[in-house]
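Once you have looked at the hints, place chain B on chain A.
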Amino acid sequence: MIKPKIAYFNKFIHWKMVMVYLIAILCATIVLTTAIGPVYVPPPEIVALLGNKLHLCEAASIPHKYDVIILQIRLPRIVLGLLVGLSLATAGTTLQGLFKNPMADPYIIGIASGAAVGAVFSMLILPGFLFIYTKPFMAFLGAMFTTFLVYNIAKVGRRIPVDTLLLTGIAVSLFLGAVLSFMMFVAEDLHSIFFWLMGGFWLANWAQVKITILPVFVCFFLIYIFAKDLNAMLLGEECAQTLGINVEWVKKILLVFAAFITATAVSFVGTIGFVGLIIPHITRILVGPDHRILFPASALVGGIFLVWTDALARLLGEMPVGIITAFFGAPFFIYLLRKRKGGHYFT
Amino acid sequence: MPLEIKDVDAYYGSVKILDGIDFSASHGELLGVIGPNGSGKTTLLRTISRILKPKVGTILLEGRDVQGMKDKEFSRNFAAVPQDTTINFDFSALDIVLMGRNPHLGRLELEGEKDIEIARRCMELTNCWHLAERPITELSGGERQLVIIARALTQEPKVLLLDEPTSHLDINYQIEIMELLKRLTSEEKLIVVAVIHDLNLAAQYCDRLALLHEGKIVSLGTQAQVLTAENIKNTFGADVIIKKHALTDHCFVSPVPSLLKRQNKNEAELTIHLICGGGEGASLMHELCERGYRVTAGVVNMLDTDQEVAKLLNIPVVTEAPFSPITEEAFQAHLALIDKANVVVLCNTPFGYGNLKNLEVAERALERNKPLLVFDATRIEKRDFTNGEATKRFITLKDKGAIMVKSQEEVLKLLNISTPFDA
Numbered sequence: 001m002i003k004p005k006i007a008y009f010n011k012f013i014h015w016k017m018v019m020v021y022l023i024a025i026l027c028a029t030i031v032l033t034t035a036i037g038p039v040y041v042p043p044p045e046i047v048a049l050l051g052n053k054l055h056l057c058e059a060a061s062i063p064h065k066y067d068v069i070i071l072q073i074r075l076p077r078i079v080l081g082l083l084v085g086l087s088l089a090t091a092g093t094t095l096q097g098l099f100k101n102p103m104a105d106p107y108i109i110g111i112a113s114g115a116a117v118g119a120v121f122s123m124l125i126l127p128g129f130l131f132i133y134t135k136p137f138m139a140f141l142g143a144m145f146t147t148f149l150v151y152n153i154a155k156v157g158r159r160i161p162v163d164t165l166l167l168t169g170i171a172v173s174l175f176l177g178a179v180l181s182f183m184m185f186v187a188e189d190l191h192s193i194f195f196w197l198m199g200g201f202w203l204a205n206w207a208q209v210k211i212t213i214l215p216v217f218v219c220f221f222l223i224y225i226f227a228k229d230l231n232a233m234l235l236g237e238e239c240a241q242t243l244g245i246n247v248e249w250v251k252k253i254l255l256v257f258a259a260f261i262t263a264t265a266v267s268f269v270g271t272i273g274f275v276g277l278i279i280p281h282i283t284r285i286l287v288g289p290d291h292r293i294l295f296p297a298s299a300l301v302g303g304i305f306l307v308w309t310d311a312l313a314r315l316l317g318e319m320p321v322g323i324i325t326a327f328f329g330a331p332f333f334i335y336l337l338r339k340r341k342g343g344h345y346f347t
Numbered sequence: 001m002p003l004e005i006k007d008v009d010a011y012y013g014s015v016k017i018l019d020g021i022d023f024s025a026s027h028g029e030l031l032g033v034i035g036p037n038g039s040g041k042t043t044l045l046r047t048i049s050r051i052l053k054p055k056v057g058t059i060l061l062e063g064r065d066v067q068g069m070k071d072k073e074f075s076r077n078f079a080a081v082p083q084d085t086t087i088n089f090d091f092s093a094l095d096i097v098l099m100g101r102n103p104h105l106g107r108l109e110l111e112g113e114k115d116i117e118i119a120r121r122c123m124e125l126t127n128c129w130h131l132a133e134r135p136i137t138e139l140s141g142g143e144r145q146l147v148i149i150a151r152a153l154t155q156e157p158k159v160l161l162l163d164e165p166t167s168h169l170d171i172n173y174q175i176e177i178m179e180l181l182k183r184l185t186s187e188e189k190l191i192v193v194a195v196i197h198d199l200n201l202a203a204q205y206c207d208r209l210a211l212l213h214e215g216k217i218v219s220l221g222t223q224a225q226v227l228t229a230e231n232i233k234n235t236f237g238a239d240v241i242i243k244k245h246a247l248t249d250h251c252f253v254s255p256v257p258s259l260l261k262r263q264n265k266n267e268a269e270l271t272i273h274l275i276c277g278g279g280e281g282a283s284l285m286h287e288l289c290e291r292g293y294r295v296t297a298g299v300v301n302m303l304d305t306d307q308e309v310a311k312l313l314n315i316p317v318v319t320e321a322p323f324s325p326i327t328e329e330a331f332q333a334h335l336a337l338i339d340k341a342n343v344v345v346l347c348n349t350p351f352g353y354g355n356l357k358n359l360e361v362a363e364r365a366l367e368r369n370k371p372l373l374v375f376d377a378t379r380i381e382k383r384d385f386t387n388g389e390a391t392k393r394f395i396t397l398k399d400k401g402a403i404m405v406k407s408q409e410e411v412l413k414l415l416n417i418s419t420p421f422d423a
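Quick mapping for you: the protein sequence lines, in order, are chains A and B. Sequential numbering from 1 applies to the first sequence in our numbering. Sequential numbering from 1 applies to the second sequence in our numbering.
Hints in this document: simulated from the structure, not taken from any laboratory. Treat the hints with care, since some could be wrong.
[To be verified] Lysine-lysine pairs mimicking DSSO-like chemistry, simulated, CA-CA at most 27 Å apart:
no., chain 1, residue 1, chain 2, residue 2
1, B, Lys-6, B, Lys-216
2, A, Lys-251, B, Lys-70
3, A, Lys-155, B, Lys-16
4, B, Lys-182, B, Lys-216
5, A, Lys-252, B, Lys-55
6, B, Lys-158, B, Lys-6
7, B, Lys-114, A, Lys-11
8, B, Lys-243, B, Lys-216
9, B, Lys-400, B, Lys-370
10, B, Lys-55, A, Lys-155
Quick caveat, the model's predicted, so the values are computed rather than measured.
So that you can see chain B by itself, here it is in the shape it has in the complex:
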């Protein structure tokens, strides 16, 4: 392996910051270092970039101990982009980038054609050549970051170390910089080690992730291996949902709002049952839970968004196997839940042969004198995939006294709660 970090311990004074760090990275790899604040991420980069000397352990680049390298030789192999890139002196962007040639030039040697050619190539690579003559103090944070990365590249290093290159940047620059790093690894065969705060960016762009916690690597591997809800809970102490990104199949981390953990305490203690599916009930479920209602739901298929949300919200829900029609068993269970509810809501769900029984159950609810609110936001004909069968039943519901609603706010109003808009 070209870059090997072997059993490294590092200290600040007598405080141990890194504890037995051991990993390696190969050419063309983008390794993301993630972890909570104070877990030693920056210290790890500082140790690799030789600013901090490890007390124990060695760092090898292509089999050579980096501690044995001369300063200039080291910086021809390793380049770093620091966290804080503010520069208060009026150098032009090109001046700054050319400082990256320092390790290749003698003390009194001026930059020549070749150096400027390299600087130009690096600045074109990072898409900042048009800024060359601008004073660095006048550039925006994102532009400055591109210039600083270009400077690191003019060192012509084998290893590029970046400390939170995307923090404080808007999403446009975050993507630009991450895609640049990706390009640098795949096209220029650089070894890139980057501390990244944003777990989703890390998951999307890094080849591998190293999760640091209290100075130790607790998990190292592909994003799917590292980014598990359990790992995040153990290191960051945060409850998160890990989902697969629909487009890229990368892990996608989103936090669970702490409100959801609150116990229901609406004085009315109404139980509201949602007949949903197809993700149509999810946001209402959340809304109602937050307002302290007891919520139940059914019948939804496994892997349906509604089912996942219900699980997260800890809502009793009747489920059915993926892509399967509702069985008699599920139907009965569903009825039982409805019996316990004070109000039943039929969501804006599309109907096919598989979930026709959910319309039937709504009818039963009416028969049992349960108030039934029916979403009519999308015309039933448009979400009827049963050649009119669902529409027929839907109209029956209307005739039998179901209350038609158009929006969530209307439901909440009917439930005699002030909506956020009234408040």
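Bound-form chain A, shown alone:
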């Protein structure tokens, strides 16, 4: 009866393989999507240029006509897409694990709406008060404030029951939706707000990547530290408590991190819905429920997914990417709702 033991270590090997595959797909994605756009860039050129830039190889002659397109337009956009996809998927995975509910995502519990209100507010009232940081900062404030609000409304005694939290999130989201509508009603520059709300990467640049990259990775790592705690919490909160986990503390910390990573993602590119909902779910089907693999895998899948949808958006004449994700996401959400009737995922 030694078999399960070996199988268990095979699991770790399997995890590594999953990551290797995903990273390979990611690299392919970066190259291929760089090629796509109004101007087609041949992939070999891209590989050569990237190799050169990263000092991996010394390619002799690269036509300079693609430099600007690749380096200044497409690449920052793709990297930002990866970061945003990673953030939203991570936030979604965190919240779904936290609430033991695959319907949770940063939008449904109101975090993203809060960030949107903060960002739009900064666009209306405080343009440029913290330079390029204004919008992310206000988005973060909005997200944190909303999280705090939802958390405290949903709190019963010293605990936060999941059902009240979800319902509170929906109610607060609706309210924030009204606030947004009001701000749009009084706004002069409706166009930029409107486009921001639909979400898109057309304004992406390296400066935004520079601001985003560090907080996102730090936050991802901090969340990842709690992977085992989230596993245990899937068994029930009291169960997790008896396994030596300070459940209420972990919940608070993870809510803050999820809000933070969402706000960071949302601040530059606007509200892109459903990534945080679909990606963790699909990844869970692929790699199982263990958060130790689910976090990195869904982060990569999220990034890859968003980069491809953005490429599609680019091909469809710069359509806001939020429209495309919603196009996939809403039917998927309905599918989950239908599945819920079986009661499989819900406690």
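The following block gives chain B in isolation, referenced to the frame of chain A:
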């Protein structure tokens, strides 16, 4: 004492749930917590497992206050098996069990050979190693319970707390789990505190019982001390019979059907006298009482099942001291009862020299023109332990016009009542 619960009060909000709980348990002890719903059993476990903080009082493990322990340290000492063990995520059983290693591992540390070895040992101990690779969502309730207990054991705790580990399980798993707990205490020297709903299981397996009522321990001690009809009546409000289990000498609780408390109201108001003994009259007594007849019985020895049942049913009965022959005095009393009866039934009782007088009394009944129904289910020769004396008398009864019957249904039919089968 290794585990000491000292004067603990616990509240939900402002409602006091536990009131001055004070007990201790030692290594290798299986302590059963029993009590009616809402008496605070689960709250007690939640308090010991630190989910609920006691407002007053302390909990000590080997002299150390558990409130002072770090979370992980605490869960290396205490493990809990919750009431609801449903898991909706596709972890394998081994994954679940390995989560028990959480308190022993660092945050980013993967489980190693040693952890899997411990998990395997625990799963073998709980007899679920063969399930290791199966998804937890596909296991039956009993199998899942074994896996969850294995997970608690991989924590390598000193104290194991279980909240109704056997509820919703079939009797096979109930026994398996209780025997497992017994083994864990006697072999692994664990302190096991288990809330158990089934009083008989609790009596059979626990070393000591604590009976909770309205947040207080009303009785604490051996099963014989705790499980008294009076205690059960005072806490559960239920009428029960406590008997000793024939095999194990453990207390055995069974409920008294509430029908028995009903007043007799058969319109015929027939009085039926049973001549019984050896437990042969008990079920007929019950049957007749339920149908509203007035029933009397005699002569039975004390401690005979028939005597105990008659006492429970509140039936007038003539008794004799245990293992003693029927005295003249009892015989006369018996006759007096028979005089009052409308019908006399002689049950399928075996006869020895001690109760020969019961055959004599049957003869007297016939002489007094009482209708006499005689059970002939087992041939009299087979239950005659008097070298033919009883058989002789039995045949006399037959000759004198006793009505022979083979079954209870026949008796009831003759008494002009529809049997359950006709209804």
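A quick look at each hint next to the structure:
no.: 1; hint: B/Lys-6 <-> B/Lys-216; verdict: 13 Å, holds
no.: 2; hint: A/Lys-251 <-> B/Lys-70; verdict: 18 Å, holds
no.: 3; hint: A/Lys-155 <-> B/Lys-16; verdict: 22 Å, holds
no.: 4; hint: B/Lys-182 <-> B/Lys-216; verdict: 26 Å, holds
no.: 5; hint: A/Lys-252 <-> B/Lys-55; verdict: 24 Å, holds
no.: 6; hint: B/Lys-158 <-> B/Lys-6; verdict: 18 Å, holds
no.: 7; hint: B/Lys-114 <-> A/Lys-11; verdict: 16 Å, holds
no.: 8; hint: B/Lys-243 <-> B/Lys-216; verdict: 26 Å, holds
no.: 9; hint: B/Lys-400 <-> B/Lys-370; verdict: 12 Å, holds
no.: 10; hint: B/Lys-55 <-> A/Lys-155; verdict: 22 Å, holds
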